[in-house]
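A.B. asks: Protein chains in written order, with the numbering used here: chain H, 1 to 171; chain G, 1 to 171.
Keep in mind that the hints were calculated from the coordinates and are not lab data.
Keep in mind the model is a prediction, meaning the values are calculated, not measured.
Where a beta carbon is used, it is the ideal one built from N, C-alpha and C, also for glycine.
Warning: the hint list may mix true and false statements.
[Stated by the list, open to error] Partial pick of chain H residues on the chain G-facing surface, computed with a CB cut under 8 angstroms:
#  : residue
1  : Met88
2  : Glu89
3  : Ala91
4  : Asn95
5  : Ala99
6  : Phe107
7  : Ile108
8  : Glu111
9  : Gln112
10 : Val113
11 : Gly117
Here are the chains, one letter per residue:
Protein chains: 2
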Amino acid sequence: MKKRIIIDMDGVLANIYPTLIAREPMYNNTNTTPEELNGIPDSIAFPNLYEIVTSDHFFRNLPEMNNSQEALKYLHEKYEVLIVSAAMEFANSMNDKLAWLMEHYPFIRCEQVVFCGRKDIIEADIIIDDHPKNLSVFKGKRYIFTQPHNIKINDPDYIRINGWDEITQLL
Amino acid sequence: MKKRIIIDMDGVLANIYPTLIAREPMYNNTNTTPEELNGIPDSIAFPNLYEIVTSDHFFRNLPEMNNSQEALKYLHEKYEVLIVSAAMEFANSMNDKLAWLMEHYPFIRCEQVVFCGRKDIIEADIIIDDHPKNLSVFKGKRYIFTQPHNIKINDPDYIRINGWDEITQLL
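Make the full structure from the sequences, and use the hints.
C.D. replies: Written out as structure tokens, the structure is:
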């Protein structure tokens, strides 16, 4: 039986930073460089985070992470893949999120997608996520996907992945 | 620690039949009485099921099941409640479904809601559902909520619940 792997959306499949960096100045007239974000929680780095992600179909038009299509296909063939997103906090994002996934990764069936509030309710063997709050409650093998906000975390319980090109080597 | 209970939406919290019965004649000019639906799968009883449920914000305006507010509140206090709906098959239903839940059961937090394709991926102790396809794959205690389509099922593995007024006695 294939092992079950749960894969996060925002910050793992969908690259949210270019759009956050582009939109934050619309609210506060300051510009942020990617380097300035290292080690800073998104809610601090982007004071208008909630307004940005809840407006203008934010989640429908994000770019995908480099090499994620090929590498997700590789995982899809080797594992039982579930795409799990803590989407409930942004109540109107779900229809857009599902449409985005179906467009960018057409080999994924909608039955493989889960929108929830807490990821510890899902039974699985492996998780790939960028947020320690999701990784820390998971009982299986935990991979932390590098994003600016988590770059200074050095927890021996997590295996770090610096991009989708590394995934076919590690998993 | 509280036991975790997963509760279905359509056919358990939301009463879908009055709206299905009202809308089907818009497509095929025949009228259906509730009695005629007994033991018939919804997809046979309502030949235009997919068109009905994917149009006119079907899921946003459903009536709630009788006594479900008080009884869900009772469960919410006694158990760790998750509302789990196999919503992915109707891609544009999720925003409406979440808004409907928040309106009718305001004590439920959005973190307690899960939209998924398959319910067997959720770790829980108890399930209340009207569909054998969800009950049969569940490992814990299984309650079948009476709806016309399941009324002839007599499976000793399921405890039958005939309405929310029975739930406070049984659970």
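A.B. asks: Restraint: H:Ile108 near chain G, CB-CB cut 8 angstroms. Satisfied or not?
C.D. replies: violated (11 angstroms)
A.B. asks: Have a go at the H:Glu89 hint: is there a Cβ in chain G nearer than 8 angstroms to its own Cβ?
C.D. replies: holds (7 angstroms)
A.B. asks: Verify the interface restraint on H:Ala91: the C-beta must sit less than 8 angstroms from at least one C-beta of chain G.
C.D. replies: Status holds, d = 5 angstroms.
A.B. asks: Are H:Glu111 and chain G close enough, Cβ to Cβ, to be under 8 angstroms, as the hint says?
C.D. replies: Holds - the Cβ of H:Glu111 comes within 8 angstroms of chain G, reaching about 3 angstroms at its closest.
A.B. asks: Closer than 8 angstroms between Cβ atoms is the bar; does H:Met88 clear it against chain G? Give me holds or violated.
C.D. replies: This hint holds: H:Met88 lies near chain G, its Cβ roughly 4 angstroms from the closest one there, short of 8 angstroms.
A.B. asks: Could you check if H:Phe107 really has its C-beta closer than 8 angstroms to a C-beta on chain G?
C.D. replies: violated (15 angstroms)
A.B. asks: Would you settle whether the hint for H:Gln112 is holds or violated, based on the nearest Cβ-Cβ distance to chain G being less than 8 angstroms?
C.D. replies: Status holds, d = 6 angstroms.
A.B. asks: Against chain G, with CB atoms and a cut of 8 angstroms, does the hint on H:Asn95 hold up?
C.D. replies: This hint holds: H:Asn95 lies near chain G, its Cβ roughly 5 angstroms from the closest one there, short of 8 angstroms.
A.B. asks: Interface hint check: H:Val113, Cβ to nearest Cβ on chain G, cutoff 8 angstroms. Holds or violated?
C.D. replies: It holds, given that the least Cβ distance between H:Val113 and chain G is near 6 angstroms, below 8 angstroms.
A.B. asks: Was the hint right that H:Gly117 lines chain G, CB cutoff 8 angstroms?
C.D. replies: Status holds, d = 3 angstroms.
A.B. asks: Classify the hint on H:Ala99 as holds or violated, based on whether any CB of chain G lies nearer than 8 angstroms to its CB.
C.D. replies: holds (7 angstroms)
Figure legend: structure checked against the earlier numbered hints; hints not met, in rising order: 6, 7.
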